[in-house]
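Undergrad: Read off the chains here:
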Amino acid sequence: KNQVEQSPQSLIILEGKNCTLQCNYTVSPFSNLRWYKQDTGRGPVSLTIMTFSENTKSNGRYTATLDADTKQSSLHITASQLSDSASYICVVTYTGGFKTIFGAGTRLFVKA
Amino acid sequence: GAVVSQHPSWVICKSGTSVKIECRSLDFQATTMFWYRQFPKQSLMLMATSNEGSKATYEQGVEKDKFLINHASLTLSTLTVTSAHPEDSSFYICSARFASGGEQFFGPGTRLTVL
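So the sequences go chain by chain: A and B.
Here the working numbering is used: the first residue of the first sequence is 1, the next is one more, and so on.
Here the working numbering is used: the first residue of the second sequence is 1, the next is one more, and so on.
Because the hints were derived from the structure by calculation, they are not lab data.
Every value quoted in this text rests on a predicted model; they were computed, and no experiment measured them.
All clues stand as given, with none of them false.
Derived BS3-like pairs: lysine-lysine, alpha-carbon spacing no greater than 30 angstroms straight-line:
hint : chain 1 : residue 1 : chain 2 : residue 2
1    : B       : LYS41     : B       : LYS20
2    : B       : LYS55     : A       : LYS1
3    : B       : LYS41     : A       : LYS17
4    : A       : LYS57     : B       : LYS41
5    : B       : LYS41     : A       : LYS111
6    : B       : LYS66     : A       : LYS1
7    : A       : LYS1      : B       : LYS41
8    : A       : LYS71     : B       : LYS41
9    : A       : LYS99     : B       : LYS66
10   : B       : LYS64     : A       : LYS1
11   : A       : LYS57     : A       : LYS99
12   : A       : LYS99     : B       : LYS64
For each label pair, taking beta carbons as the anchor points, the in silico distance ranges come out as:
hint : chain 1 : residue 1 : chain 2 : residue 2 : range
13   : A       : ASN18     : B       : PRO40     : 25 to 31 angstroms
14   : A       : GLN22     : B       : ARG111    : 25 to 31 angstroms
15   : B       : THR57     : A       : GLU5      : 21 to 27 angstroms
16   : B       : THR80     : A       : GLU5      : 31 to 37 angstroms
17   : A       : SER31     : B       : PRO40     : 29 to 35 angstroms
18   : A       : ALA68     : B       : ALA99     : 18 to 24 angstroms
19   : B       : THR57     : A       : LYS17     : 42 to 48 angstroms
20   : A       : THR20     : B       : GLY16     : 45 to 51 angstroms
21   : B       : LEU115    : A       : HIS76     : 41 to 47 angstroms
22   : A       : ASN55     : B       : ASP27     : 28 to 34 angstroms
23   : B       : GLU87     : A       : SER31     : 32 to 38 angstroms
24   : A       : GLN22     : B       : ASN70     : 35 to 41 angstroms
Ideal placement from N, C-alpha and C gives every residue a C-beta, glycine not left out.
Next up, chain A with everything else stripped away, as it sits in the complex (with noise of 0.2 angstroms):
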């Protein structure tokens, strides 16, 4: 079955601290991952997206891993700042059909 799972469900970080989420799936045939950040009442918005041969992307304090042997990748926030309080979705794509499955999201809550 074709799953994304993404850990921590929720994460409280102090601001100026760094942080790693996690999205792990079990997709194929993989055709791509991408990250996005949707601020509450907000469309998500995309940050980095990734295919099966590249291993890292980087996006401003933002950097993406992928681990297309495995079927994981993580975002690493660097230097957290208040604005990056949001959910961070983990969305896959596979080749049959061009489906995309969504992850149920890490919500960060960054702290003064």
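Got chain A sorted already, so can you dock chain B onto it with the hints?
TA: Chain B in isolation, oriented as in the chain A frame:
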């Protein structure tokens, strides 16, 4: 970058009425649009996929007669919630893509509250 808009951003209606939500791709032609529903503290749940000029494909458990989708052009799709009830209150989000397997660009969402 690609921009997707939704209108209205929020709507409050009485039970039994119908509500129409518009989704527009502003700077690209979307071959496919998607409609999602999101309940508080939950992830997005795909409701249906629509391609311009053809009938929408609904996910299992989504009533096609209740959630009417019209993808009239390459830049506009509408979702009509017919005879809305309080349990239909949710955050509805659309997305659009211009190529198969390509990135989905999300709209800002529409908050529906049914009294």
